[in-house]
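For this one, chain A is given, so just place chain B on it according to the hints.
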Amino acid sequence: GDSVTQMEGPVTLSEEAFLTINCTYTATGYPSLFWYVQYPGEGLQLLLKATKADDKGSNKGFEATYRKETTSFHLEKGSVQVSDSAVYFCALSVKAAGNKLTFGGGTRVLVKP
Amino acid sequence: NAGVTQTPKFQVLKTGQSMTLQCAQDMNHNSMYWYRQDPGMGLRLIYYSASEGTTDKGEVPNGYNVSRLNKREFSLRLESAAPSQTSVYFCASSERPAEAFFGQGTRLTVV
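Listed in order, the protein sequences are those of chains A and B. Per this note's numbering, the first sequence starts with residue 60, numbered consecutively. Per this note's numbering, the second sequence starts with residue 632, numbered consecutively.
Everything labelled a hint here was simulated from the structure, so no lab data went into it. A few of these clues could be false.
[As the list claims (entries may be wrong)] Label-pair restraints from in silico Cβ distances:
| id | chain 1 | residue 1 | chain 2 | residue 2 | range |
| --- | --- | --- | --- | --- | --- |
| 1 | B | Thr-685 | A | Gln-140 | 37 to 45 Å |
| 2 | B | Thr-717 | A | Arg-167 | 16 to 24 Å |
| 3 | A | Ser-62 | B | Asn-693 | 33 to 41 Å |
| 4 | B | Arg-738 | A | Gln-140 | 38 to 46 Å |
| 5 | A | Leu-169 | B | Glu-726 | 28 to 36 Å |
| 6 | A | Gly-100 | B | Glu-683 | 27 to 35 Å |
Built from N, CA and C at the ideal position, the CB exists for glycine as well.
Chain A extracted, bound-state conformation (with noise of 0.2 Å):
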C-alpha cells in the first residue's frame, strides 16, 4: 500500500536557522505530493504540493522538490522565524486510489528566539 515517512520531531532550531525535513514515499501509482502544517490548536492547512516529477512547490519561503528518482519530497526553509513552529505533515494522494490523502506521522518544530 502507499505509506509515507518523515523524521522524527521534535526539531528544534534558533530563529534564521536552516530547517529541512526529510519524507519519502512509496506508492502503487503516480503520486500528488503535499505538505501540510498545523498551528497549535488548529486544524491542518496545505502549505505546498507538486503534482509530477521535478516540480517545485513553494509557499511562505518554504520550498520542496519532487523527486521520483529518490521517492523524496523533502520540505526546506532557509532562515526559519518563531511563528513557523509547528507540526508539518508529507502527504500523498494517488488518483486510482480515489485521490485520498496519505499522511506520514507528522514532524513538530519548534523555533526558539
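Below, chain B alone, put in the same frame as chain A:
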C-alpha cells in the same frame, strides 16, 4: 469565512457511551472526510464521502459510523465508545483532489 466547522471541540465520554461528532462545510465541496490523529501516527482516514449520498470506509473504520446528511454536513458516530478511541478527530472537505480543508478538531477522551 467559516470553512469547515466541527462540534464539539472537546468531549469526555465514559466507556460504552455513544456520541456524534458534527461537521459542516460552507465551501460547496463534494468530498468530505473524517480522520483521527494519534501521536506519532499522523492522520488516519476513518471514513470518507466522495459525494452527497455516498460513503466509504477508510483505513480505520471499526467502531465508527458516518452519515452524509446533505452536501454540507458529514457526521461521525461512535456507538459504544472505547478507550482506544481517545484521539483528536478532524473533519475535512475538498473539491480538487486531495487539497483538503480541515476543521479545528475535536479532542475526545474516553475514560
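Verification of the supplied hints:
no.	hint	result
1	Thr-685/B x Gln-140/A: 37 to 45 Å	43 Å, holds
2	Thr-717/B x Arg-167/A: 16 to 24 Å	20 Å, holds
3	Ser-62/A x Asn-693/B: 33 to 41 Å	20 Å, violated
4	Arg-738/B x Gln-140/A: 38 to 46 Å	27 Å, violated
5	Leu-169/A x Glu-726/B: 28 to 36 Å	34 Å, holds
6	Gly-100/A x Glu-683/B: 27 to 35 Å	31 Å, holds
Hints 3, 4 from the earlier list are contradicted by this structure; the remaining hints agree with it.
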